[in-house]
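Here the sequence shown stands for residues 32 to 112, numbered as in the numbering used here.
Mixed in with the good hints, there may be bad ones.
What the hints assert, rightly or not - Simulated restraints on C-beta separations:
no.	residue 1	residue 2	range
1	Gly91	Ser53	24 to 34 Å
2	Asp52	Gly91	27 to 37 Å
3	Asp47	Ile93	15 to 25 Å
4	Asp64	Ala39	16 to 26 Å
5	Met90	Ser53	25 to 35 Å
6	Asp64	Gly34	10 to 20 Å
7	Met90	Asp52	26 to 36 Å
8	Glu83	Thr61	13 to 23 Å
9	Gly34	Thr61	16 to 26 Å
10	Ser95	Asp69	14 to 24 Å
Stated by the list, open to error - Computed cross-link-like contacts, SDA-like style, restricted to lysine to any residue with a CA-CA straight-line distance of at most 20 Å:
no.	residue 1	residue 2
11	Lys82	Leu71
12	Lys97	Pro58
13	Lys57	Arg40
14	Lys57	Ile105
The hints are simulated quantities; they were obtained by calculation from the structure and are not laboratory data.
C-beta: ideal position from N, C-alpha, C; glycine also.
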Amino acid sequence: MTGNEIFARLNEVFRDVFDDDSIVVKPATTADDIEDWDSLEHITLISAVEKEFGMKFKMGEISSMKNVGEMAHIIAARATK
Numbered sequence: 032m033t034g035n036e037i038f039a040r041l042n043e044v045f046r047d048v049f050d051d052d053s054i055v056v057k058p059a060t061t062a063d064d065i066e067d068w069d070s071l072e073h074i075t076l077i078s079a080v081e082k083e084f085g086m087k088f089k090m091g092e093i094s095s096m097k098n099v100g101e102m103a104h105i106i107a108a109r110a111t112k
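Please take these sequences and the hints and turn them into a complete structure.
Next comes the structure, spelled out in structure tokens:
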């Protein structure tokens, strides 16, 4: 799975979770960049990403993610296994 494929799928998940078709996530995107991204929506988002990619993040991975790029990196690493 390429980085572009991961980000295309992440875009769809973010748009669905935040109900905003104008969202375009980039590697540097953080919660500060999306108006409704609070701690409750973060849980919903993580769950939706896990479902989309058929994987589960470890608690340490979730707490260490600083931006969408780090999330994509974890997904890419898991996809190659």
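Now the hints, each set against the structure:
1. The hinted range of 24 to 34 Å is satisfied by Gly91 and Ser53, whose Cβ atoms lie roughly 32 Å apart.
2. Separation of Asp52 from Gly91 is about 33 Å and conforms to the stated range, judged on CB atoms against 27 to 37 Å.
3. In this structure, Asp47 and Ile93 meet the distance hint of 15 to 25 Å, their C-beta atoms being roughly 19 Å apart.
4. The supplied range of 16 to 26 Å is met by Asp64 and Ala39, whose beta-carbon atoms lie about 18 Å from each other.
5. With their beta carbons about 31 Å apart, Met90 and Ser53 fall inside the hinted range of 25 to 35 Å.
6. For the hinted restraint 10 to 20 Å between Asp64 and Gly34, the CB-CB distance of approximately 19 Å keeps it satisfied.
7. Between Met90 and Asp52, the C-beta spacing of about 31 Å keeps the proposed range 26 to 36 Å intact.
8. Between Glu83 and Thr61 the Cβ separation comes to about 20 Å, which falls inside the hinted range of 13 to 23 Å.
9. At roughly 18 Å, the beta carbons of Gly34 and Thr61 sit within the given window of 16 to 26 Å.
10. As the Cβ distance of Ser95 to Asp69 is approximately 19 Å, the hint placing it in 14 to 24 Å holds.
11. At roughly 17 Å between alpha-carbon atoms, Lys82 and Leu71 fall within 20 Å of each other, so this suggested pair holds.
12. Distance hint between Lys97 and Pro58 is fulfilled; the C-alpha atoms sit about 10 Å from each other, no more than 20 Å.
13. For a cut-off of 20 Å, the pair hint linking Lys57 to Arg40 stands: about 12 Å separates their Cα positions.
14. For the proposed pair Lys57 and Ile105, the alpha carbon gap of about 15 Å is at most 20 Å, so the pair holds.
Against the hints set out earlier in the document, no violation occurs for any number.
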